[in-house]
Amino acid sequence: MGALVDLLDTIMDVGEMYEKYGIKGCLLIVLAIVGILAVVIALALWLGS
Numbered sequence: 123m124g125a126l127v128d129l130l131d132t133i134m135d136v137g138e139m140y141e142k143y144g145i146k147g148c149l150l151i152v153l154a155i156v157g158i159l160a161v162v163i164a165l166a167l168w169l170g171s
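Numbering (this note's numbering), first residue to last: 123 to 171.
Please note: incorrect hints may appear among the correct ones.
Here are the computed lysine to aspartate or glutamate pairs in the DMTMM-like style, where the Cα-Cα straight-line distance is at most 20 angstroms [said to hold, decoys possible]:
{"#": "1", "residue 1": "K146", "residue 2": "D135"}
{"#": "2", "residue 1": "K142", "residue 2": "D131"}
{"#": "3", "residue 1": "K142", "residue 2": "D128"}
Computed Cβ-Cβ distance ranges for the label pairs, DEER-style [said to hold, decoys possible]:
{"#": "4", "residue 1": "Y143", "residue 2": "G170", "range": "34 to 40 angstroms"}
{"#": "5", "residue 1": "A160", "residue 2": "G137", "range": "21 to 27 angstroms"}
{"#": "6", "residue 1": "L149", "residue 2": "D128", "range": "28 to 34 angstroms"}
The set of hints was computed from the structure by calculation and includes no laboratory data. A quick note: this is a predicted structure, and the numbers were derived from the prediction, not measured. Every residue, glycine too, gets a C-beta built ideally from N, C-alpha and C.
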């Protein structure tokens, strides 16, 4: 559950990340989050079937 809270905190801090890393860094971080979520969902579907 702590990981989910960390993920939500990260999403909330997109504005801060944009100021710190610029648009490319922000996009990379967002893509990484989406990729991790995709892997988790794929594993859940694979294990559930």
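Cross-check of the supplied hints:
no.: 1; hint: K146 x D135; verdict: 15 angstroms, holds
no.: 2; hint: K142 x D131; verdict: 16 angstroms, holds
no.: 3; hint: K142 x D128; verdict: 18 angstroms, holds
no.: 4; hint: Y143 x G170: 34 to 40 angstroms; verdict: 36 angstroms, holds
no.: 5; hint: A160 x G137: 21 to 27 angstroms; verdict: 24 angstroms, holds
no.: 6; hint: L149 x D128: 28 to 34 angstroms; verdict: 20 angstroms, violated
Hint compliance for this structure: hint 6 is the single one not met.
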